[in-house]
Structure formats: C-alpha cells, structure tokens
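**Student:** Take a look at the letters that make up each chain.
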Amino acid sequence: MLSSAKHKINHSAFSVSSLSYPLPQSHSQADNMTQVTMEEVWKEINLASLQHRQLNINHEPMLSNQNPNNSIFKDFLNKPLNQEPPPSASTTLHRSLPPPPETVLSLNPRSINTHFDESARFGCFGKKRGGQDSDESRGDRRHKRMIKNRESAARSRARKQAYTNELELAVSHLQKENARLKRQEEQLKMAEATQHQAKRKLQRSWTAPF
Amino acid sequence: MSLSPRDPLVVGRVVGDVVDPFTRLISLKVTYGQRQVSNGTDLRSSQVLNKPTVEIGGDDLRNFYTLVMVDPDVPSPSNPYLRGYLHWLVTDIPATTGTAFGNELVCYENPCPTSGIHRVALILFRQLGRQTVYAPQWRQRFNTREFAENYNLGLPVAAVYFDCQRENGCGGRRTS
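One line per chain: the protein sequences are A and B, in this order. Take the first sequence: its letters are residues 1 to 210, numbered as in the UniProt record's numbering. Take the second sequence: its letters are residues 1 to 176, numbered as in the UniProt record's numbering.
In case anyone wonders, no lab produced these hints; they're calculated from the structure. There may be inaccurate statements among the hints.
[Stated by the list, open to error] In silico DSBU-like links for lysine-lysine, alpha-carbon gap of 30 Å or less:
id : chain 1 : residue 1 : chain 2 : residue 2
1  : B       : LYS51     : A       : LYS148
2  : B       : LYS29     : A       : LYS176
3  : A       : LYS160    : B       : LYS51
4  : A       : LYS148    : A       : LYS176
5  : A       : LYS144    : A       : LYS160
6  : A       : LYS176    : A       : LYS199
7  : A       : LYS189    : A       : LYS199
8  : A       : LYS182    : B       : LYS51
9  : A       : LYS148    : A       : LYS160
10 : A       : LYS189    : A       : LYS176
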C-alpha cells in the first residue's frame with residue numbers, strides 16, 4: 001500500500017523534493033492507519049505532494065501541508081477574516097484534519113481564491129470553481145464540512161445531555177424535598193392529634209384542688 | 001462539594017470555555033419574567049429582552065458579589081473567534097439580595113444571536129471588598145478568567161447558563 005504510493009511519485013512528471021513518502025490514503029481507508037501515523041505523515045508533506053495528488057485522482061484528495069508557522073497567510077487574512085481555528089483545536093477530534101494548508105496559498109496563487117472562499121465560511125462552499133483544482137477543493141471542502149458537522153453534532157449532544165442532567169438533578173431534588181415535607185406534615189398531624197385528644201377532657205386544673 | 005463530571009455546567013462546557021472548575025457556595029436564582037432559568041434552558045431572543053431578576057444567597061450582608069453575564073459563542077458557536085461578549089456586569093451585590101441592589105457597571109444588553117444556538121452564562125463571584133471591581137473597556141472578547149484574576153475575584157461561587165437562539169431560529173441548523 002505504501003510502496004505503491006511511492007511508486008507513483010517516482011513516475012511523476014513533477015520534480016520531487018528529496019523526500020519521498022507515502023501519501024495518505026483516502027479518509028475512509030484511514031482506519032488502518034493510526035492517528036499518530038497520519039499526523040507524522042502530514043508534518044512531512046510539503047507543497048510538492050499537493051501537486052502530486054493531481055496524478056492520483058483515484059485517491060480521495062486530502063488536506064496536506066500543515067505548516068505550523070501560519071504567519072504569512074494568517075497575517076494576510078487577519079483583518080478581514082480572522083477565523084481559522086488554531087490547529088490544536090481541531091486535533092482534539094479523532095481523525096480530524098488540520099486547517100487548510102496556508103503555505104500552499106502563499107506559493108500557489110491559483111488556489112488562493114479557493115481557500116479564501118473556504119476560509120470565509122459564509123455559507124458558500126463555492127462549488128463552481130472553474131475546473132481548476134476542483135477535485136482537491138471538493139475533497140477539502142467536504143472534509144472541512146465533515147469536521148464542522150461533527151463539532152456541531154457534538155455540541156448538540158452536549159446541549160441535550162446538559163439539559164437532561166439538569167432535569168434529573170431537579171427531579172431528584174424535588175423528590176427529596178417532597179418526601180421531607182410529607183414527613184413534616186405527618187409529624188405535625190400527629191402532634192396536633194395528640195394535642196386534640198388531650199383537650200377533649202375538660203379539666204379544672206386551677207380551681208379545684210380535688 | 002465540587003462539580004461532578006455529570007454536572008450540566010461541565011457537560012455544557014461552561015466549565016472549560018468560560019470558567020475553571022469551582023464549587024458552588026452561594027445560591028443563584030435567575031428569572032426572566034415568570035420563567036426561572038435552570039442550566040440548559042432554551043430561550044429565544046424575545047424572552048430575554050429585559051434584564052432578569054437575580055437573587056443570590058449567602059448570609060452575611062457585608063459580603064459583596066459580582067455578577068457577570070457572558071456569551072462565549074460569539075459570533076457563532078461553530079466559530080467563536082470573538083469569544084466572550086459581555087452582556088451585563090453588576091457589582092457590589094450584598095449577600096442575600098439581588099442585582100437590584102448592586103451597581104450596574106455594564107448595562108444589560110439583551111442577547112440577540114444571529115447564527116446558531118449560543119450559551120449565555122451568568123457567573124457569580126465574591127468580591128474581596130466593596131468597589132474593588134471595574135468595568136472593562138469593551139464588551140467584546142471578554143475573558144472571564146482574566147477578568148476574575150484582574151480583580152481578585154477567584155473562582156466563581158455560583159453559575160447558571162441557558163441556551164439562546166434567534167426568534168425564528170431552527171435549532172441551530174442553517175437554512176441556506
């Protein structure tokens with residue numbers, strides 16, 4: 001599996017950097033790979049691999065190219081759209097993907113528009129892309145969408161669970177209070193009953209010494 | 001008695017996103033109109049137009065408390081890059097009383113989320129003394145933890161949160 005990927009790299013027309021490395025498989029097949037493996041691989045992938053994937057159309061295109069120093073593009077985007085989540089946030093999800101490759105954008109002017117719109121996230125996933133990088137962009141968008149959906153689903157579950165827990169606590173509290181009040185009522189009733197019985201007998205306690 | 005992992009404040013990630021884990025020490029009762037707010041209560045913008053009635057517990061009138069009302073899910077829960085919008089800040093609330101007896105440093109601004117379902121948390125802190133807390137310069141990017149540290153408020157003594165969405169909201173689902 002890994003060797004075949006290498007094989008494809010060597011046959012490419014693009015000049016490759018000295019690194020040759022396995023391409024990540026499509027996301028659905030990633031079950032075989034551990035999370036650690038994938039992240040290691042992503043760290044090594046650079047721009048060259050992004051161009052390579054155009055040859056491997058069979059593989060579902062994936063996000064690559066995580067550059068920890070997002071400074072260049074981030075500054076560019078900072079004012080109008082300071083919206084990219086930090087990489088640490090997304091890596092908390094299992095098999096989650098890092099944010100879109102920003103170094104790609106600084107080096108590959110063509111995809112700036114693609115990712116710019118993606119980063120905008122204003123509900124428009126820009127499905128009409130003019131044909132260029134459409135396969136990769138579609139995959140990228142799909143992945144981003146999937147992550148967002150996962151997060152949203154997780155929030156929804158948390159919301160539901162929090163509400164349920166609150167209700168359970170309230171029920172428990174109310175049941176205890178109810179029991180307590182009932183006991184109190186019983187005690188008061190009994191106390192009143194005995195007092196009432198005592199009162200029935202008219203007694204002269206002060207006037208008559210006998 | 002610290003918070004259990006099943007506590008709604010923990011499950012709803014208010015503990016985590018807004019404040020650190022704490023122990024409930026004071027009772028906090030928040031009421032919008034006729035409706036008392038419990039954790040995770042679902043409210044619409046129209047129901048939170050006016051400031052709620054807030055009553056706090058405690059026993060010594062010489063202790064003063066600060067109430068912070070903050071929305072951590074701005075501008076949208078899926079992308080909260082402006083995390084922390086301060087809706088209301090009331091300080092110098094004497095124990096056993098309520099916000100009506102406090103000092104409204106930042107006036108109540110009704111939550112009006114445009115996208116998604118926002119959590120809105122009301123956090124109560126105990127002050128070291130009277131008039132020791134000051135208003136921040138902006139409502140936006142309000143960091144509750146930092147605020148508490150700046151004014152020596154320590155950990156919260158009470159908190160409650162509700163979910164707020166648009167009037168014609170569809171439960172956080174995007175319509176487009």
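**Student:** Would you mind marking each hint as holding or not holding in the structure?
**Tutor:** Quick rundown of the hints versus the structure:
The straight-line distance between the Cα atoms of LYS51/B and LYS148/A is roughly 33 Å, outside the 30 Å bound, and the hint therefore fails. Of the supplied pair hints, the one linking LYS29/B and LYS176/A holds, its CA atoms being roughly 20 Å apart against a limit of 30 Å. Pair hint LYS160/A plus LYS51/B holds up; C-alpha atoms about 26 Å apart against a cutoff of 30 Å. For the proposed pair LYS148/A and LYS176/A, the alpha carbon gap of about 42 Å is over 30 Å, so the pair is violated.
Proposed proximity of LYS144/A and LYS160/A is supported: the alpha carbons are some 24 Å apart, at most 30 Å. For the proposed pair LYS176/A and LYS199/A, the alpha carbon gap of about 35 Å is over 30 Å, so the pair is violated. Proximity of LYS189/A to LYS199/A is assessed by CA-CA distance (about 15 Å); at most 30 Å being required, the pair is judged to hold. The straight-line distance between the Cα atoms of LYS182/A and LYS51/B is roughly 36 Å, outside the 30 Å bound, and the hint therefore fails.
The straight-line distance between the Cα atoms of LYS148/A and LYS160/A is roughly 18 Å, inside the 30 Å bound, and the hint therefore holds. Between the alpha carbons of LYS189/A and LYS176/A the distance comes to roughly 20 Å, so the proposed pair stays at or under 30 Å and holds.
Violated hints for the displayed structure, listed by number in ascending order: 1, 4, 6 and 8.
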